[in-house]
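Student: Could you build all of it, start to finish, from the sequences and the hints given here?
There are 2 protein chains.
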Amino acid sequence: MAHATAVSPLAPKSYPDLPEVEGVRFATAEAGIRYKGRTDVMLALLAKGTQVAGVFTKSKCPSAPVDWCRANLKGGKARALVVNSGNANAFTGKVGAKSAKMTAQIAAKATAAPMAEIFLASTGVIGEPLDATKFNGVMGDLVAQAAPGGLLEAAKAIMTTDTYPKVATARAKIGGVEVIINGMAKGAGMIAPDMATMLSYVFTDAPIASKALQAMLSKSVEGSFNSITVDSDTSTSDTLMVFATGAAAKRGAPLIKDPKDKRLVAFKKALDTVLLDLSHQVVRDGEGCRKFVEITVEGAANAAAAKRIGLSIANSPLVKTAIAGEDANWGRIVAAVGKAGEKADRDKLAIWFGDFRVAHKGLRDQTYDESKTSAYMKGEKIDIRVDVGTGGRGTATVWTCDLTKEYVAINGDYRS
Amino acid sequence: MAHATAVSPLAPKSYPDLPEVEGVRFATAEAGIRYKGRTDVMLALLAKGTQVAGVFTKSKCPSAPVDWCRANLKGGKARALVVNSGNANAFTGKVGAKSAKMTAQIAAKATAAPMAEIFLASTGVIGEPLDATKFNGVMGDLVAQAAPGGLLEAAKAIMTTDTYPKVATARAKIGGVEVIINGMAKGAGMIAPDMATMLSYVFTDAPIASKALQAMLSKSVEGSFNSITVDSDTSTSDTLMVFATGAAAKRGAPLIKDPKDKRLVAFKKALDTVLLDLSHQVVRDGEGCRKFVEITVEGAANAAAAKRIGLSIANSPLVKTAIAGEDANWGRIVAAVGKAGEKADRDKLAIWFGDFRVAHKGLRDQTYDESKTSAYMKGEKIDIRVDVGTGGRGTATVWTCDLTKEYVAINGDYRS
Chain S
10 MAHATAVSPL APKSYPDLPE VEGVRFATAE AGIRYKGRTD VMLALLAKGT
60 QVAGVFTKSK CPSAPVDWCR ANLKGGKARA LVVNSGNANA FTGKVGAKSA
110 KMTAQIAAKA TAAPMAEIFL ASTGVIGEPL DATKFNGVMG DLVAQAAPGG
160 LLEAAKAIMT TDTYPKVATA RAKIGGVEVI INGMAKGAGM IAPDMATMLS
210 YVFTDAPIAS KALQAMLSKS VEGSFNSITV DSDTSTSDTL MVFATGAAAK
260 RGAPLIKDPK DKRLVAFKKA LDTVLLDLSH QVVRDGEGCR KFVEITVEGA
310 ANAAAAKRIG LSIANSPLVK TAIAGEDANW GRIVAAVGKA GEKADRDKLA
360 IWFGDFRVAH KGLRDQTYDE SKTSAYMKGE KIDIRVDVGT GGRGTATVWT
410 CDLTKEYVAI NGDYRS
Chain B
10 MAHATAVSPL APKSYPDLPE VEGVRFATAE AGIRYKGRTD VMLALLAKGT
60 QVAGVFTKSK CPSAPVDWCR ANLKGGKARA LVVNSGNANA FTGKVGAKSA
110 KMTAQIAAKA TAAPMAEIFL ASTGVIGEPL DATKFNGVMG DLVAQAAPGG
160 LLEAAKAIMT TDTYPKVATA RAKIGGVEVI INGMAKGAGM IAPDMATMLS
210 YVFTDAPIAS KALQAMLSKS VEGSFNSITV DSDTSTSDTL MVFATGAAAK
260 RGAPLIKDPK DKRLVAFKKA LDTVLLDLSH QVVRDGEGCR KFVEITVEGA
310 ANAAAAKRIG LSIANSPLVK TAIAGEDANW GRIVAAVGKA GEKADRDKLA
360 IWFGDFRVAH KGLRDQTYDE SKTSAYMKGE KIDIRVDVGT GGRGTATVWT
410 CDLTKEYVAI NGDYRS
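Residue numbers (our numbering), protein chains in the order written: chain S, 10 to 425; chain B, 10 to 425.
There's no promise every hint is true.
Stated by the list, open to error - Straight-line Cα separation of at most 20 angstroms, SDA-like style, residue types lysine to any residue; simulated pairs: (1) S:107 x B:370; (2) S:69 x B:356; (3) S:107 x B:375; (4) B:69 x S:402; (5) S:352 x B:102; (6) B:107 x S:373; (7) B:103 x S:154; (8) S:67 x B:357; (9) S:110 x B:356; (10) B:352 x S:58; (11) B:69 x S:228; (12) S:103 x B:369; (13) S:228 x S:311; (14) B:414 x S:415; (15) B:107 x S:311; (16) S:118 x S:69; (17) B:69 x S:373; (18) S:67 x B:107; (19) S:69 x B:359; (20) B:69 x S:369.
Stated by the list, open to error - Reference listing, derived: stretches of chain S covered by chain B, where coverage requires no fewer than 3 residues with Cβ under 8 angstroms from a Cβ of chain B: (21) 349–360; (22) 371–383.
In case anyone wonders, no lab produced these hints; they're calculated from the structure. No residue lacks a Cβ here, since even glycine has one placed at the ideal position from N, Cα and C.
Tutor: Below, the structure is given as structure tokens:
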């Protein structure tokens with residue numbers, strides 16, 4: 010099993026200071042699920058009454074922990090989150106559901122919390138039974154050792170093929186009282202034999218009821234995690250959850266139940282910031298990537314059409330290999346626009362790489378300076394803008410990375 | 010511009026003997042569109058009254074020649090086909106339509122045929138104006154030299170990044186009289202800077218009216234050219250046309266106007282064979298490919314669902330890189346089934362590589378012999394079969410190739 014060990018060249022240069030979120034405590038342990046000499050399980054203990062929201066993979070073959078979380082989410086409350094790496098408990102048949110249940114039982118017993126308020130995730134090998142009895146040996150210690158401030162260590166414990174842990178933080182005021190939003194994520198790295206999971210968890214001390222939290226999360230995810238793609242492959246286990254402990258109420262923050270409440274404006278913005286930051290970090294850890302690519306589509310019939318066109322460009326192997334080759338290949342972008350199936354006016358299309366307009370009114374821009382554009386393409390961040398020419402006001406931005414030989418090596422050469 | 014020069018390892022080992030189709034004559038020439046020292050234009054002269062059918066790219070940004078052919082197809086008759094390589098006349102704005110028209114004018118004058126019966130295609134660089142005046146210098150000679158039997162040379166003249174010319178032939182009886190179906194194709198090779206076109210032409214002496222021909226073609230293409238994928242990228246210029254000269258009528262073949270006519274049964278089968286053969290040859294010339302992959306999906310809700318699931322597997326970079334790595338990675342296949350968005354029963358899924366069942370009832374097959382499966386994966390042809398477990402009778406087969414580092418090199422390294 011050949012892991013990519015070098016940190017992605019697109020990794021953030023430093024980590025933010027992470028303030029503690031009151032009502033959340035973290036612990037990590039080595040349960041020996043698959044790896045040796047590293048942590049592979051994290052526990053987040055949540056204050057009683059913590060509100061929860063979540064969004065999950067759209068896969069028709071979701072993992073057992075996804076089924077478990079979806080069912081528990083209906084209650085709206087959370088007391089503990091248990092995540093392991095090394096085994097995804099995905100495509101494990103009916104055995105998988107039993108493993109998930111046993112994990113929750115062990116956690117419920119150790120935390121004295123109801124099973125219905127335990128949330129789970131597993132990431133790592135798929136198709137192998139997860140031996141949940143391994144959690145027996147560590148759960149007591151995890152509960153005993155749980156402490157505020159362990160977010161970065163928790164992020165490390167759930168890494169699989171990530172080359173760096175992913176965390177983000179922001180602050181916002183609700184009713185004049187400052188609240189904190191911390192987040193962590195692991196990427197969609199899919200190395201030998203079948204790692205395949207994007208996980209992200211966000212913790213806040215804001216007092217927000219689960220339904221309002223869910224409404225905000227469902228909206229925010231559209232512009233962040235649902236607007237990124239590394240290779241168009243969707244995992245069976247993708248999970249994004251937000252936990253709101255409500256501890257800021259003690260400092261005077263009002264409890265908010267309506268997602269349209271005006272007092273949530275700053276919080277929404279901060280949540281968007283954290284999710285966008287984390288989702289970009291996932292892309293920046295895409296296998297073999299060397300370029301971070303932002304694609305903005307304008308002039309589409311509507312926002313949904315713009316997003317579909319954007320993702321069609323972002324998922325095009327020919328566009329992605331051209332970017333890896335540092336070529337401003339607008340012809341491939343036109344082909345990707347065309348195949349998206351959305352309205353576009355071929356003879357009004359315009360395309361920019363950075364500030365350089367390379368195509369205009371459906372053909373090569375006569376003023377296009379190849380040497381300047383080539384220099385731009387050598388950069389680490391590539392911005393592509395496409396006006397698809399329908400005259401509509403639909404716009405969307407999506408993010409991806411380039412497709413390099415290293416991607417193929419990481420995903421195809423691991424047996425050698 | 011670094012072209013892949015070696016012939017694909019998956020190329021056919023020999024060419025079939027190609028019988029002549031009465032009523033079709035071919036000629037090729039060096040018009041100097043872009044290449045030096047090779048032919049880059051082909052003319053097919055068709056007997057008066059030749060019936061024509063066609064299917065074209067679904068791209069919303071089609072090339073100028075595609076627009077031209079779509080308009081002329083309404084007449085149902087064809088006298089000449091002109092195809093050039095070196096320049097795709099795609100994304101050339103309003104200038105492109107003028108170039109197409111001028112090409113047709115030159116051909117119409119030289120052949121004394123109406124403009125409405127001239128069909129065109131261009132393949133090669135996109136976004137560069139096509140200088141149609143170059144056809145002036147060669148069209149007279151092309152008409153003068155046109156002769157039966159030049160199909161293979163014609164196939165060579167329209168190659169861009171193909172590593173071998175693609176031809177196929179079959180015979181069938183209509184009303185007891187033997188007719189011939191010959192076909193040629195060029196692949197979807199998309200090398201420097203933006204080659205992006207799949208073209209295929211089929212010629213028959215069968216007397217079949219254009220509407221019946223169109224109905225048969227539209228049906229046949231679903232199981233052949235619309236069931237293949239190299240990299241999920243759709244060209245702006247994809248074109249497949251069938252020309253029926255009707256010459257076999259002189260030998261007693263009946264004129265058929267109804268696509269449901271029972272006398273067409275054998276012809277349909279032969280047409281299917283030719284299109285399937287040509288479409289497979291296109292996949293076998295996929296950039297950097299080393300494995301030809303056949304994916305059969307069973308147990309889906311219906312045939313359309315099965316095909317969508319099949320293409321989701323065939324287009325998954327993770328599945329394709331695993332095949333390049335000779336790994337029977339069924340976990341990635343499950344992920345690809347799940348992301349297709351079609352109904353599947355996770356806990357009833359079964360997957361075979363060749364005759365080796367690797368997954369059963371939603372988890373790893375306990376009888377699965379890894380060494381035998383590994384040996385199978387070293388082969389050149391890989392068959393994958395997936396029962397998605399809904400109990401439905403929907404089934405479909407699609408074809409693709411593996412995704413190798415050479416693909417990325419060919420499509421990303423051409424500047425170096």
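Student: Which earlier hints can't be squared with this structure?
Tutor: 7, 10, 11, 15, 16, 18
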